[in-house]
Amino acid sequence: EAGVAQSPRYKIIEKRQSVAFWCNPISGHATLYWYQQILGQGPKLLIQFQNNGVVDDSQLPKDRFSAERLKGVDSTLKIQPAKLEDSAVYLCASSFTTSGGYEQYFGPGTRLTVT
Amino acid sequence: AQTVTQSQPEMSVQEAETVTLSCTYDTSESDYYLFWYKQPPSRQMILVIRQEAYKQQNATENRFSVNFQKAAKSFSLKISDSQLGDAAMYFCAYSSGTYKYIFGTGTRLKVLA
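Chains D and G supply the protein sequences, listed in that same order.
Taking my numbering, the leading residue of the first sequence gets 1, the next gets one more, and so forth.
Taking my numbering, the leading residue of the second sequence gets 1, the next gets one more, and so forth.
Everything labelled a hint here was simulated from the structure, so no lab data went into it.
It cannot be assumed that every hint is accurate.
[Said to hold, decoys possible] Partial pick of chain G residues on the chain D-facing surface, computed with a CB cut under 7 angstroms:
| no. | residue |
| --- | --- |
| 1 | Tyr33 |
| 2 | Gln44 |
| 3 | Met45 |
| 4 | Leu47 |
| 5 | Ala71 |
| 6 | Phe91 |
| 7 | Phe103 |
| 8 | Gly104 |
| 9 | Thr105 |
As the structure is a prediction and not an experimental result, all values here were calculated from the model.
Ideal placement from N, C-alpha and C gives every residue a C-beta, glycine not left out.
All chains should be built: construct the whole structure from the sequences, respecting the hints.
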């Protein structure tokens, strides 16, 4: 079974530029998560999708971050414009369903550096 | 609001010895799940072990076991016969109801040869 795929793996941009990350979850997984992991901290949930609908985006800075999951499969996370404090690893994860208790499968992450 | 606290930023253990990583959480819910995830350096995060709150029996997965104290809201991870490959960041996580998934700040485990 193929794992969660993410691209790019690394990205360096200047502040005020825009950037987009892509995630392809495990086939058949209805739930997709985007996390922000700042160095030395645990992952912070940015947004959670169930199929192509948003079920939790309470911690997503909506003035600059946006995410979509077209057709309930692939997802993109965009930052526009980027700030220095957005430097972090962006993790995508998927699980079979949203119900509590299901294991999340993580991708390798995208390391973003904003200069 | 639910919170997850890992008070040990870093731990060290001698190879073949046993180490316990601590985690406490706060919740007002009665039905929830607790997890330990492992994040090796430059590698993907993977699930180590899972505990359902309604189960009194502590979960075990080979060399990994938990001490789940529901009343104390404590969920520690014990790693027996530590191996060099166990070196990683370990995150305690909480999940309840339909949506929320919360991670602690992590404990970096070093395994000394």
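Hint by hint, here is what the structure shows:
| no. | hint | verdict |
| --- | --- | --- |
| 1 | Tyr33 | 4 angstroms, holds |
| 2 | Gln44 | 5 angstroms, holds |
| 3 | Met45 | 4 angstroms, holds |
| 4 | Leu47 | 5 angstroms, holds |
| 5 | Ala71 | 20 angstroms, violated |
| 6 | Phe91 | 5 angstroms, holds |
| 7 | Phe103 | 4 angstroms, holds |
| 8 | Gly104 | 5 angstroms, holds |
| 9 | Thr105 | 5 angstroms, holds |
Consistency note: the structure conflicts with earlier hint 5 alone.
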